[in-house]
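One-letter residues, chain by chain:
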Amino acid sequence: MSLKRLAFVFLCLAFTAGGLFAQKTTLTYWTWRPEDVDKYDQLLKVFEAQNPGIDVVQTAQKNTEYNTILAAALSGGAGPDVFQSRAYGGLETFAQSGYMEPLSSWVPELASFSRAAIRGATSIKDGKVYGVPFASQTLFVYYNGKIYADLGLKVPDTWDQFLSNLAAMKKAGIQPLANGAKEGWTLEVMMGALCPDFYGANSFFDAVVQGKTTFQDPRFVGAIQKLKDLIPYMPDLYMGVSYTDMQSAFINETAGHFIGGSFEAGYFASQNPSLQFDVFPGPAAKAGDPHYVSVYADGNFSMNANSKNKEAAAKLLRFFASKQTGDFFIRTLKQVSSVPGVDTSADPFIARVLTLQKYNTPYVFLVGFRYQQPTGSTLIQSALQGFFAGKIDAAEVCRQVQEGIATYYAPFKK
Amino acid sequence: MRRADVQRGLWVTLFVSPGLAVVVCIILVPLFLSLYNSLFSWNQLVVDRFAGLENFRRIFAAEPYRTRFLNALGNNARWFAATMLIQNTCGLFFGWALSRKIAGHAFFRRVFFIPVLFSIVAVGFLWGLYLKPNGLVNGFLAALGRRDLARAWLGDESLATWSIVLVNIWRWVGFPSLVFMAAIDAVPLDCLEAAYLDGAREATVFGRIILPLIVPAVTIITVLTIIGSLNVFEQVYTMAGLDGSPDYSTDTIGTLFYRTAFGSVDSGNPQIGVGSAIGVVIYVLTFAASIGSIAGLRRREAAA
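In the order they appear, the protein sequences are chains A and B. Going by my numbering, the first residue of the first sequence is number 1, and it counts up by one from there. Going by my numbering, the first residue of the second sequence is number 1, and it counts up by one from there.
Treat the hints as calculated values from the structure; they're not laboratory data. Quick caveat, the model's predicted, so the values are computed rather than measured. Glycine included, C-beta positions come from ideal geometry on N, C-alpha and C. Take these hints with a grain of salt, some might be off.
[As the list claims (entries may be wrong)] Restraint ranges, calculated between C-beta atoms of paired labels, are given here:
1) A/Q276 to B/A62: 51 to 57 Å
2) A/A269 to B/L28: 50 to 56 Å
3) B/S119 to A/A269: 49 to 55 Å
4) A/Y243 to B/A122: 49 to 55 Å
5) A/P34 to B/F60: 56 to 62 Å
6) B/T13 to A/Y243: 52 to 58 Å
[Said to hold, decoys possible] Under the rule of at most 20 Å between Cα atoms (straight-line distance), these lysine to aspartate or glutamate pairs were calculated in the DMTMM-like manner:
7) A/K413 to B/E63
8) A/K39 to A/D298
9) A/K125 to B/D48
10) A/K358 to A/D206
11) A/K228 to B/E193
12) A/K24 to A/D55
13) A/K391 to B/D156
14) A/K228 to B/D156
[What the hints assert, rightly or not] Sample of chain B residues with no beta-carbon within 10 Å of chain A, all distances over it, derived:
15) V29
16) L85
17) I86
18) I209
Turn these sequences into a full structure, and let the hints steer you where they fit.
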């Protein structure tokens with residue numbers, strides 16, 4: 001082969017390769033889960049194999065700074081093509097600002113998602129869906145199975161049985177509850193796990209959202225009052241016990257119960273593989289009543305309204321709405337996927353969570369009242385800290401919450 | 001104008017401009033942007049319409065902003081009072097003791113100053129661990145047989161702010177010590193000698209000679225304390241979080257500003273207008289307090 005010919009062949013090859021390169025689309029994707037980057041890379045590889053023309057570049061931002069960084073990027077007209085977005089009020093911030101693309105026409109799969117999941121991805125202002133929901137979270141009580149077996153305890157059905165289990169642990173010299181009060185949000189979680197059975201779950205939620213009742217409803221005040229029963233079983237100096245202290249007490253098996261969310265399970269299992277834990281829903285007021293659990297949408301995958309690669313971004317979002325991603329959430333991330341009809345048999349814990357979701361109610365302040373300042377969550381978190389410190393009573397907690405929300409919430413104003 | 005003057009002016013401009021550019025970009029522009037932002041109402045992250053002074057009115061007159069703002073400002077006042085009384089008094093005493101060349105003063109000078117060099121985030125994080133219910137501090141009390149004194153230092157509303165203030169004093173006391181030591185060392189020896197020859201006691205020398213001569217150092221430390229107390233943020237952020245937990249007892253205008261302007265993941269959405277207005281108020285307060293105290297203390301300096 002002459003040198004000229006060789007050069008010609010080489011040039012041809014280079015051009016073809018260049019042509020292929022030019023057709024390749026690169027999508028940018030942002031997540032607030034730096035701890036899951038490697039796992040997501042596996043998922044994105046599957047997508048890239050199915051869509052040879054698309055590369056996905058993943059960037060993770062720190063959870064607590066994610067919103068700020070994302071807001072700065074999007075308001076500057078830049079930002080990722082596809083990104084994780086918060087649900088409810090957190091979605092509203094970006095949706096109302098016009099940074100998110102409505103997805104109903106791009107992602108037809110959304111039609112089959114459950115209404116509860118879609119609610120977390122829907123703007124309350126225009127009713128459009130701005131995200132593909134990825135997981136739901138459920139609030140309940142974790143217990144240490146080994147301690148239960150050793151002490152001969154049974155999973156409690158009623159509140160009184162729950163208290164007697166706590167008392168039995170205390171008597172045996174085991175810390176009954178891991179929960180503290182240093183961080184207000186853990187108290188809101190406690191409220192969400194234990195109070196719905198006492199305030200009347202969905203009937204109260206629907207009424208309060210429509211302004212037919214208030215948070216000063218005796219049912220709600222009574223439900224908050226119930227939390228006082230737990231104080232004797234909380235750790236010493238519980239006002240100073242933080243979230244990480246709570247986790248380590250339960251993981252190291254020094255505490256018998258942990259009131260928290262389904263998002264803990266993966267961490268518990270990875271930190272102490274020999275920990276035998278299971279969950280039960282908030283105990284009922286009287287035997288035979290249903291056990292309600294608070295459920296909320298954790299977050300969504302959304303599309304940048306200013307993305308230059310909307311076609312490719314829609315492909316990725318449809319992939320995120322598929323059973324493949326659903327399986328990935330269950331098997332790899334140990335999260336309760338929002339994708340409908342995913343097989344949960346691979347993970348007994350998630351199957352259990354889905355059984356508990358039979359009686360589900362929206363996590364009241366996050367789902368209904370986290371759209372404007374002061375949010376219901378801000379109000380209940382600080383008021384509950386005052387309540388657990390013994391500074392204010394249940395009626396005052398509810399008054400503070402009600403009056404704070406009433407400053408802007410139209411149904412409360414009439 | 002003479003040519004030499006023009007040339008000199010150009011040189012000065014040349015040397016000043018990089019610094020000036022940095023100041024303009026990262027201090028002046030954001031300052032005026034936040035003033036601009038504070039005059040508008042915002043729909044989430046997008047400017048909505050001109051609102052005049054509405055955001056400022058809300059901070060001072062509308063609930064719940066008013067309660068939150070006054071509560072936070074009250075905590076800043078506590079920071080200032082405790083820092084002036086404890087940190088600067090101790091600093092003055094340490095500075096004086098170090099300048100007396102007591103045994104091992106070179107060693108102590110370094111020891112006092114070491115915490116100043118630590119990263120504030122690391123200090124906050126570590127002391128956060130020490131102050132936990134089962135942390136080092138309560139462990140120490142238990143070892144002394146005073147388990148009854150153990151407290152939830154950062155979880156108890158009546159103690160949380162003071163705990164954080166004390167940690168900050170621990171970290172920062174070396175700075176006023178060093179400034180006061182340098183000032184006392186600079187007091188002319190002949191004044192001191194004359195006083196001693198006249199038979200003045202140590203306390204008299206300190207009160208009548210040293211103190212009046214180090215008023216400039218007192219001015220600097222006071223102004224820095226005012227600015228520091230109004231801008232408290234990292235200490236609270238690392239030890240108590242953004243929400244002023246528990247029940248807003250550790251909230252300062254710095255954390256209130258951040259939370260309002262940028263939102264917080266677990267509790268609320270950003271309100272850029274009101275947040276910017278708080279930022280402007282912080283700036284005005286800091287500026288006014290600094291100018292006021294400098295003017296006041298200058299008069300004292302002149303009198304002394």
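Outcome of the hint check:
The beta-carbon spacing between A/Q276 and B/A62, approximately 53 Å, falls within the hinted interval of 51 to 57 Å. The hinted range of 50 to 56 Å is satisfied by A/A269 and B/L28, whose Cβ atoms lie roughly 53 Å apart. Distance hint check: the CB atoms of B/S119 and A/A269 are about 34 Å apart, inconsistent with the given range 49 to 55 Å. Against the hinted window of 49 to 55 Å, the Cβ-Cβ separation of A/Y243 and B/A122 comes to about 20 Å, which falls outside the hint.
Checking the proposed 56 to 62 Å range against A/P34 and B/F60 shows it is violated: the Cβ atoms sit about 41 Å from each other. For the hinted restraint 52 to 58 Å between B/T13 and A/Y243, the CB-CB distance of approximately 54 Å keeps it satisfied. Simply put, A/K413 and B/E63 have alpha-carbon atoms about 15 Å apart, close enough for the 20 Å limit, and the pair holds. Our distance criterion of 20 Å between C-alpha atoms is met by A/K39 and A/D298, whose separation comes to about 18 Å.
Among the hinted pairs, A/K125 with B/D48 is consistent with the structure: their alpha-carbon atoms are about 15 Å apart, no more than 20 Å. The straight-line distance between the Cα atoms of A/K358 and A/D206 is roughly 18 Å, inside the 20 Å bound, and the hint therefore holds. Our distance criterion of 20 Å between C-alpha atoms is broken by A/K228 and B/E193, whose separation comes to about 69 Å. This hinted pair checks out: A/K24 and A/D55 have alpha carbons roughly 7 Å apart, not beyond 20 Å.
Between A/K391 and B/D156 the CA atoms are separated by roughly 11 Å; this keeps the pair inside 20 Å, and the hint holds. The straight-line distance between the Cα atoms of A/K228 and B/D156 is roughly 17 Å, inside the 20 Å bound, and the hint therefore holds. With a least CB separation of 15 Å from chain A, B/V29 remains clear of the 10 Å interface cut-off, as annotated. Separation of B/L85 from chain A is adequate, the least Cβ-Cβ distance of about 26 Å exceeding the 10 Å criterion.
Distance check on B/I86: its Cβ is at least 23 Å (rounded) from any Cβ of chain A, clearing the 10 Å threshold; non-interface status holds. No Cβ of chain A approaches the Cβ of B/I209 within 10 Å, the least distance being about 48 Å, so the stated non-interface status holds.
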